[in-house]
Amino acid sequence: MTEEIDAGMVARRIAEDGDLSEPAPGRNEVGAARRRKEDARLVTGRTRWTDNIQLPGMLYVAFVRSPMAHARVTRVDTSAARAMPGVVAALSGADLAGEQGSLPCAWPVTEDIVLPDHPPMAVEEVRYAGEAVACVIATDRYKAADALEAVEVDYEPLPAVLDMVKALEEGSPKVHEAGNRSYVWKFGTGDVDAAFRDAPVVIERTYVQQRLIPSAMEPRAVVAETDGDFFTLHSSTQIPHILRIMLAQVTGIPEHKLRVVAPDVGGGFGSKLQVTAEEVILLLLARRLGKPVKWTESRSEGNLTVHHGRDQIQRLALAADADGRLRGLRVDLLADMGAYLMLVTPGIPILGAFMYNGIYKMDAYDFTCTGVFTTKMPTDAYRGAGRPEATFAIERLMDELADELSLDPVDLRRRNWIGHEEFPYTTVANLTYDSGNYEAATDRALAVFGYDKLRAEQADRRERGEPVQLGIGVSTYTEMCGLAPSRVLGSLSYGAGGWEHASVRMLPTGKVEVVTGTSPHGQGHETAWSQIVADALSVPFDDVSVIHGDTSSSHKGMDTYGSRSLVVGGIAVVQACDKVKEKARHIAAHMLEASPDDVEFAGGTFRVRGTDAAKTIQEVALAAFAAHDLPPGVEASLDSEATFDPENFSYPHGTHLCAVEVDTETGATRIREYVAVDDVGNVVNPMIVEGQVHGGIAQGVAQALFEEAVYDAEGNLLTTTMADYLLPSAADLPEFTTDRTETPATSNPLGVKGVGEAGTIASTPAVVNAIVDALRPFGVKDVPMPCTPERVWRAVHGGGS
Amino acid sequence: MIPASFDYVRPASLEEAVAALDGAGEEAKVLSGGQSLLPLLRMRLSYPSVLVDVGRLEELRGIRDEGGHLAIGAAATHDEVVRSPLVNAECPLVALATATVADPAVRHRGTFGGSLAHADPAGDLPAVAVALDMEFVIRSSSGERIVAARDFFVDYLETALAPGEIITEIRVPKLGDGWGFHYEKFHRTAQAWATVGVAAAVRVSTQGGRHIEEARVGLTNMGSTPVRATEVEAAVRGAELNGQAGTNGSGGGGSVNGHPRSQEGAAPGNGNGAGSAPHGGPGPRGALRQASELAAEGTSPPTDLHGGPGYRRHLARVLTYRALGTAARSALGG
Ligand SMILES: Cc1cc2nc3c(=O)[nH]c(=O)nc-3n(C[C@H](O)[C@H](O)[C@H](O)COP(=O)(O)OP(=O)(O)OC[C@H]3O[C@@H](n4cnc5c(N)ncnc54)[C@H](O)[C@@H]3O)c2cc1C
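Which chain is which? The protein sequence lines are E and A, in order.
Those letters in the first sequence? Residues 1 to 801, per our numbering, in order.
Those letters in the second sequence? Residues 1 to 334, per our numbering, in order.
Calculated from the structure, these hints are not laboratory results.
Keep in mind that the hints are not guaranteed to be accurate.
Simulated restraints on C-beta separations [said to hold, decoys possible]: (1) E:22 to A:106: 39 to 49 Å; (2) E:54 to A:155: 13 to 23 Å; (3) A:303 to E:463: 36 to 46 Å; (4) A:160 to E:177: 53 to 63 Å; (5) A:103 to E:735: 19 to 29 Å; (6) E:22 to A:157: 23 to 33 Å; (7) A:103 to E:33: 26 to 36 Å; (8) E:322 to A:103: 47 to 57 Å; (9) A:156 to E:321: 58 to 68 Å.
Derived list of chain A stretches under chain E, where covered just means 3 residues or more per stretch with a C-beta under 8 Å from a C-beta of chain E [said to hold, decoys possible]: (10) 130-143; (11) 156-168; (12) 183-195.
Keep in mind that this is a model prediction, so the values were computed, not measured.
All residues carry an ideal CB built from backbone N, CA and C; glycine is no exception.
Turn these sequences into a full structure, and let the hints guide you.
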């Protein structure tokens with residue numbers, strides 16, 4: 001028994017298994033299903049997670065959090081807590097008011113946006129349940145937890161603001177003095193009034209994207225330390241580089257005196273794309289106390305205070321001709337910001353603005369988004385960030401339009417999508433889709449799914465009035481990945497660029513270190529980047545190591561989110577390799593006493609064309625290190641770096657088909673078949689792609705069926721544990737059938753498009769479309785998400801939603 | 001989530017455990033598998049001064065055949081119960097329901113007695129206890145007493161246990177021949193508690209046409225305590241089973257369960273799917289269905305994120321019908 005759970009043995013097995021995934025001799029590494037080289041240490045825990053870090057003299061921080069959604073803080077008394085055993089300090093927001101600054105928002109989407117002050121610890125007013133009001137610092141985490149109860153806080157309740165529609169009404173209680181409307185952002189092309197005027201069909205719907213809680217496997221944790229002059233912050237973050245810049249600005253610690261480290265990080269899904277109150281406070285505490293400090297959240301604390309996702313009301317209208325051809329689309333969003341604007345809060349719905357047209361052609365488009373303050377946890381990026389919402393809206397509308405016109409939903413889509421011969425295609429939202437083949441992906445999906453057979457079974461069950469009905473959901477999606485061309489970000493008022501950086505250094509022994517500015521937290525970059533470098537430099541896969549996540553070793557980067565790492569960061573790696581190769585060619589030519597123009601590189605060897613004279617790249621690396629005889633003007637190293645800024649986004653697409661069985665007597669839904677055919681361009685590692693697709697689908701299914709953050713009428717979060725906030729496990733999900741078509745991206749040399757968010761974006765509408773399709777005979781046109789058994793049952797028996 | 005500080009004792013015998021509880025007074029708590037108590041402590045919803053760990057006491061472990069009943073040790077784990085040949089042979093309903101509790105990790109630690117003592121009406125075992133008329137053997141410094149299941153569950157998370165008392169074993173009466181059993185649990189994910197659950201035991205007679213002679217029905221999560229659906233039990237007595245199982249497509253529809261994997265491969269409309277009701281024709285089908293319609297009588301189900309009272313009452317009726325049908329079929333050896 002003990003042998004079975006021995007961590008070292010697990011690690012060895014994974015490593016040994018890795019050999020099985022080696023490409024055949026002579027084949028490229030790119031494209032091989034390499035086992036992930038980082039997994040042995042990740043799954044055995046033989047690595048450094050932030051909470052594992054133990055430093056001499058370390059103190060532990062715990063936060064007193066508001067039990068109220070909205071209140072004035074009239075008194076915070078920490079004296080009793082300070083008297084408790086082991087307590088070193090206890091501080092209120094007021095105690096830190098002079099130095100804590102305001103948490104940053106890097107994306108003020110409009111000129112006149114209301115951007116309220118956001119103190120890391122509340123000073124005068126709390127605006128959501130869970131907001132920090134004080135902290136206790138003690139010699140161990142148990143003493144810190146005990147002392148929390150001794151901090152006395154007096155609150156004077158203020159009215160909670162929970163409903164976005166009511167929040168915008170005249171006379172609503174205010175979250176902030178300046179009002180509950182943060183911004184109104186508009187976008188449009190074409191003559192949308194003309195498109196709707198005299199349109200034979202107009203489908204109007206309101207959909208609600210419920211509030212979600214990102215649930216990374218590893219809770220957030222922060223460790224801060226200082227020697228009095230220089231500061232190091234370890235955090236379970238996706239964005240060490242951005243965090244460093246932001247923390248320097250907030251705390252006044254000069255950027256060059258601050259190092260930020262993201263050790264191994266156990267998932268993020270956007271929730272760790274943030275500058276958090278706890279990160280700022282721990283840095284300030286390290287400065288104040290001169291001791292290392294640590295904070296690790298509990299799951300319940302996380303559910304309250306990890307930024308939430310989605311939470312939008314989508315008011316939609318789609319105009320079409322009688323044959324189903326789309327004319328125009330109107331989108332009017334209310335987006336719940338929560339109580340404050342955090343790092344990219346206001347920009348999330350705006351990211352979706354360019355995706356509401358999906359893969360379809362239409363004449364005109366009009367988009368308005370109103371950002372609304374409520375007394376809830378702020379929202380921000382969550383897997384897909386704006387694009388799942390957009391895809392859900394258009395894919396639900398397409399099914400509704402098909403129903404209205406009595407067309408097959410696949411047929412309706414065919415009539416409207418961009419044909420493969422039409423690429424590059426500039427959409428109604430002014431994006432230029434570089435490549436794609438929607439016909440190929442859809443045809444493959446239909447065949448694998450057995451679409452016609454399932455439709456026949458559906459008809460049969462309807463005919464017989466069976467209590468268990470079958471529904472089929474279609475979702476043909478695309479998304480914009482590879483965030484982002486810096487020029488586009490600039491035009492959208494984003495505070496930074498979207499480039500990525502890499503450096504590649506060949507060591508004297510011929511091994512290779514790759515430094516990347518991306519910051520993996522589960523994606524497998526170490527493996528994929530090694531495969532790319534192995535091919536580019538013709539070195540063995542195992543001779544490459546990847547360095548990331550520490551601003552002192554990886555000094556430049558834009559980090560990991562928005563399916564950008566491979567599409568932007570991977571290209572920087574390729575370009576850095578090209579420079580190394582070029583430099584090596586010069587050195588090799590010098591060594592071979594030939595002209596660089598006569599030297600070619602193949603199979604890891606520089607060879608004078610038409611001769612046997614050759615040097616391996618490893619020999620060149622050693623020569624560069626020795627530097628005894630380098631060509632004039634060549635520096636003694638085989639290092640290079642590159643920064644890549646994409647010209648365009650990339651556009652993965654695909655067709656997901658879902659068959660559900662809905663028990664109309666209980667409302668229970670069972671997914672019977674799920675087929676995903678994704679086109680993510682060229683594939684570096686099919687196993688990693690498969691993993692991303694599986695996890696993505698699970699997360700999208702979870703939005704459709706299970707997850708919802710629920711606040712009660714007073715603004716208390718009810719879903720603080722996993723007993724209430726339901727995450728599906730493998731036992732709750734079907735086998736996914738996955739397949740791919742490969743239409744290379746034309747916007748980058750690897751032809752890759754990104755895969756991190758595809759599954760999540762595609763699957764939510766596939767599942768909800770299937771449920772509604774099952775219930776059409778009952779007059780049902782919508783079931784609000786998550787489609788719980790009770791809601792499904794009510795939809796059936798209420799004759800509609 | 002860190003509990004407030006508490007003392008911990010692990011007595012070596014039941015005698016010592018009783019003494020330890022006695023000395024500690026009202027603020028002491030018995031600790032068994034910890035699967036319900038520790039979450040309460042961690043959320044600081046309970047502040048005991050001392051935990052008396054009975055989980056490893058030999059006297060509280062094991063499952064014995066006592067002739068007319070099985071004696072299940074209070075500290076027998078869920079996993080031991082599920083795997084016990086005795087339980088599966090003599091009191092299969094207990095094994096069926098216990099197998100739906102949580103997940104393997106929780107079942108390896110959580111105990112039969114702890115689960116019942118916790119008295120969560122959403123727990124799966126209390127309904128089985130009332131359906132089968134189990135008896136609780138309870139020890140304290142003043143001796144031993146026996147409490148019937150119907151008197152044991154007092155209110156939400158509240159039992160007849162007084163401070164200082166320890167359940168040592170639970171007696172599960174054997175029902176004898178001719179019975180069939182089923183536990184129908186409706187939940188949203190595999191690890192979730194029951195939105196509603198129905199424990200059914202049915203004795204079927206084949207003398208003079210197949211009919212139900214006797215039934216026991218317990219309901220999970222339909223009130224602050226487990227509910228015995230006595231009106232269903234009375235109404236279903238004598239209900240005929242005409243043996244046309246599966247012939248009427250609209251008869252059952254019992255195969256889509258709360259979570260997708262729960263009935264692997266059981267596509268509705270075939271196998272034990274939509275036709276799972278043990279009777280097809282309108283008459284007898286009506287009898288079982290009509291009896292099941294009484295399932296929600298006198299209940300006061302809770303409201304939570306998984307459903308309101310109206311929905312739960314509806315579920316109780318549908319699930320009772322399905323549970324009775326499946327139990328009857330298993331009584332008939334099918
Ligand atoms: C993730 C999770 C999911 C779960 N899902 C389910 C589910 O689906 N269905 C379900 O039924 N249950 C579920 N449970 C609860 C589980 O069944 C617990 O094991 C059980 O409720 C408690 O048993 P225990 O031995 O762990 O008791 P403990 O947690 O140790 O104690 C529970 C209570 O019983 C008292 N107690 C324990 N033993 C005795 C005794 N011998 N005499 C007197 N008092 C005693 C304790 O003082 C305490 O008040 C779940 C638990 C978890 C953690």
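Determine which of the earlier numbered hints do not hold for this structure and return their numbers in increasing order. Numbers 2, 6, 10 and 11, in rising order.
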